[in-house]
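Novice: Could you build the full structure based on these sequences and the hints that come with them?
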Amino acid sequence: MVDISSTTDEAAMHIPQAAMLAIQSLTKTYCSAQEQIAVLRGVCVHVSAGESVALTGESGSGKSTLLHLIAGLDEADGGSIRIDDTEVIALADRDRAAIRRDRIGLVFQQFNLIPSLTVADNLAFQSRIAGRHDSHWQNELVDRLGLGNLLKRYPEQLSGGQQQRVAIGRALAVRPSLLLADEPTGNLDEATADDVTDIALDLVKRTGCAFLMATHSTRLAAKLDRKVRLSAGRIA
Amino acid sequence: MKQGYWILAVLLSHWRRHPLQLMTLMVGLISATALWSGVEALNQQARASYDRAAAVFGGSRTAMLVGQRSSSFSQQLFVDLRRAGWRVSPVVEGRVRVQGRPLRLLGIEPVTFPAQAGSIPAVGAPDLKSFITPPGEALVAPETLTALAGTEGAALRTDDGESLPPLKVHARLAPDVVVVDIGLAQSILHLQGRLSRLLVGNTRSRLPPLETVAGDMLRYVEADAGTDLEHLTDSFHLNLSAFGLLSFLVGLFIVYSAIGLAFEQRMPMFRTLRACGVSSRQLNGVLLIELLVLAIAGGLIGLACGYLIAAGLLPDVAASLQGLYGAQVSGALALRPEWWGAGLAMSAIGTLAASATSLLKVIRLPVLAAAQPYAWRQSQRRWLGWQGVTAAAMLLAAIIVLTLGDSLISGFAVLALLLLGAALALPVLLALVLRIGERSSRRPLVVWFWADSRQQLPALSLALMALLLALAVNVGVGTMVESFSKTFTAWLDGRLAADVYVNAMSEAEARDIEASLRARQEVTAILPSGRAEIEIGGRPVEILGLADHATYRDRWPLLESRPNAWGDLKSGEAAFVSEQLARRLKRRPGDRLDVGTPTGDWSLRIAAIYADYGNPKGQIAVNIDAFTTRFPDLPRTRLGLRVSPGKIAPLIDDMRKAFHLDESRLSNQSTLKMESKVIFNRTFAVTAALNTFTLGVAGVALLTSLLTLSHSRLPQLAPLWALGVTRRQLAGIEFLKTIFIAFITAMLALPLGLLVAWCLIAVVNVRAFGWRLPFHVFPLHLAELVVVAMLASLLAMLIPLLRLMRMPPAALIRIFSNER
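Residue numbers (full-length UniProt numbering), protein chains in the order written: chain C, 1 to 236; chain E, 1 to 820.
Hints may contain errors.
[Stated by the list, open to error] No more than 20 Å apart at the CA atoms, straight line, and that leaves these computed lysine to aspartate or glutamate pairs for EDC-like:
hint : chain 1 : residue 1 : chain 2 : residue 2
1    : E       : LYS2      : C       : ASP102
2    : C       : LYS227    : C       : ASP198
3    : E       : LYS361    : C       : ASP74
4    : E       : LYS2      : C       : ASP95
5    : E       : LYS2      : C       : ASP121
6    : E       : LYS2      : C       : ASP134
7    : E       : LYS361    : C       : ASP93
No wet-lab data here; the hints were simulated from the structure. Since the structure is predicted, the reported quantities are computational estimates derived from the model, not experimental observations.
Specialist: Below, the structure written as structure tokens:
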């Protein structure tokens, strides 16, 4: 079930009860030397558990900023972000880090693997620091992601598609409530992108987490349950 | 806790993947800790030895009564003082030789020995009987027992045939000291009924004045007054410490460079860790733990190396201290727990100081900041301007401290400010040179050469600063040592003007010797001399009596004199004053100097100032006849002889046979000169060794910087290769660039080094020792150092260049397509 609200406050009142992610009236402005740039202007988005939502929009529309604010990587100027009934905006850096560690899986366009760790260690890293490492689940992820014979390799020895599969595995190894992906296929060819997205969606279904993916590709966006379009900092 | 473990594991995994970087960091840490702790071990060993010596003599730590006119006095004075209530304890002291080894024989009286005089001679009650009843005991340090190849219980004989009681080891005794019961000592030293000093114990009761009991026979010496080894050797140890700290600083340059690079390379990792839910506090906490783990590991290895360095240098340091100050330093290195603790603490503090800026960057790291590799180097460029301003401020501060300060510490502060200011100014000056080169070039590859050199500069600047410091200090210390060497030889010829020196046992023997010498034609002059110890301004001063003879007139190393100075000296109303004493008292030729003598105050006009290098005490020289008048009780036992060339050895042989004079009483000028030169060379052998270590560390700094840089520079070189420049050509250009930058650095190090030499000679030496050397420049030495610097750079470049020349094209293609 998906509910994409408009930018109005009235619309924002219709929040589904089971929303894993509930964003209301979110604003963010960046200050440059000459001017203030409003990147998000009262955004409201809801994503339920087990639901996959594609966040589309032109470059500079605020997709990445929105994902960063949800993950607690950046601080919003106003509004509300609730993950599983926890208000993220009110949290201190330490608590935001804990939410990220325990409840959120993050996948980036640049993979952001740890270059000095092997594939196996990269996969296990987040679940280990969250104290929720489950070797059965990791083995399952390894099988599903097709990483079985790459476990001892280092990221620099992998192709882009392989690296992104490791990144997805790392994000899901902690069994997050919410998986956030920022252009995860931006560096991949079409076939690999399809493959990676299919695997991610399959795993999301199996874990029952909410999935919000920023993407430029309408073809990939169509694979997800719902699309949300951001334009000039507002939901279009 | 578990989270911290996994985060630490991730951080450490970086080093596993970059072993070269880890090696660089460890080399820096190890060399910094090793050199500092090595020098500290030497200082600690020396100070421990002084403590042992002070405890033995009970001298500098205990108040005492000594003879007013001679080195020994009647035992009756001891009895009289005890009866009058003075808690005094008698000591007899003299020198004996056992198996050719000179030993200090100390006779004590354990029953009256004051408790505060030190634990050594305080023979405990159970041992008292065996110590004082025949055959008695001879207490020696373990080192002495080893040196004499004896065993406990063995009874040795002196070379004069006197029997010593059975040996017993006393761990806290100073080396080359033998402690026996006073009765035995008096017998061995032929001093029956005589004492050398009386140790004064604490008492609360009111004592009768010393004069009423002992008349003018004894003089009271306060505790800690007189010859205090620690005080005398302070300058020597300060010089060593300064070298240790300089080496530590050069080592930290490597640590700073390695940590900066590692942090920069790990910025994306830090960002990922933060994205995975590691809080800023956790990340910084674990980074701190990682640094401390590395610091302790490097520190422990550094301490082990420091021990080896100290053990290697100890014989030279001990010989220098013995030769210069008569200080006995034990040859076996014993290290205290404080040394280990201090070494590890220095390693940790150094690591944290070197990584402070990098840590600060991580603390302030916005988790979303795009982590661009080597962005820190870009930002360093912005600091170039600030660096120039700081350098100028430091150089200005050096001038101010030079002008206003007059202590040794301020002398070292001038040196430190000068060196740091120059090091900070180096990248600014190099950038200027490279910019000029770039602007005056037209051909594209040449323009790129200059531009790329400039881009490389921030990454290389720390290693170049280390090289500049090491070279400058080498030039500075080398110039000082060479200047000293050149001056020292000429000075020694002047001071040791006579060919043979005689010190008779008594005045009667001196007269007999003189009479026999007058009959020998090869003896062209007999020059009586005298020596006494006095105090001026509360510090010990030697007073020499010199004969009025051409031997001295032609050779005595006068630095500054009044007209007819030798004539004034002969009149007995004038004195020559050593340079260090003149500086300490702020006197010049023409000023007056009052000297306390047994016959009353003696007012002397200063006729000249002379060089007296290496002597920690002040010294004045007066005419021998005037000296004898003023010190009538001092026996005239010293003679200097001028002897026809080639006749010295037979004369010495004849005198030995006729008068039974040993080496301490009959010396050949050439032997004395040789011994002095050996002491000189050993003193500077330590300096030379530390100098070489520092230069070696700077070479390693350059090597490690070039190695890490060679890897990071491939993305800049790959496009040139893609555009048609061969790998060989690229390697050639890299070679030229590094050599050029190193050459400019060496060229800048030369004037800086000469400035350092001037500071050492005209500021530090003057404030530390009281004398100033003539300043000489040695072009050959300078050229040699430039060649060494170029060779070090060449060696440092070798591996990166070979790596570049042999790099497979596939690797360059990958870099070109992926990392641009």
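Novice: Would the hint linking LYS361 (chain E) and ASP93 (chain C) be met if the CA-CA limit is 20 Å?
Specialist: Since the Cα atoms of LYS361 (chain E) and ASP93 (chain C) sit roughly 17 Å apart, the hinted pair holds (cutoff 20 Å).
Novice: Are LYS227 (chain C) and ASP198 (chain C) close enough, with their CA atoms no more than 20 Å apart?
Specialist: Given pair LYS227 (chain C), ASP198 (chain C) holds - Cα atoms ~16 Å apart, limit 20 Å.
Novice: Holds or violated: LYS2 (chain E) and ASP134 (chain C), Cα atoms, limit 20 Å.
Specialist: This hinted pair holds, its Cα atoms lying about 15 Å apart.
Novice: With a cut-off of 20 Å on the C-alpha distance, tell me whether LYS2 (chain E) and ASP95 (chain C) pass.
Specialist: Within the cut-off at roughly 18 Å; holds.
Novice: Between LYS2 (chain E) and ASP121 (chain C), does the CA-CA distance stay at or below 20 Å?
Specialist: The hint holds at about 15 Å.
Novice: Compare the distance between the alpha carbons of LYS361 (chain E) and ASP74 (chain C) with 20 Å, and conclude whether the hinted pair is satisfied.
Specialist: holds (18 Å)
Novice: Holds or violated: LYS2 (chain E) with ASP102 (chain C), Cα cutoff 20 Å?
Specialist: holds (14 Å)
Hint violations for this structure: none, all hints satisfied.
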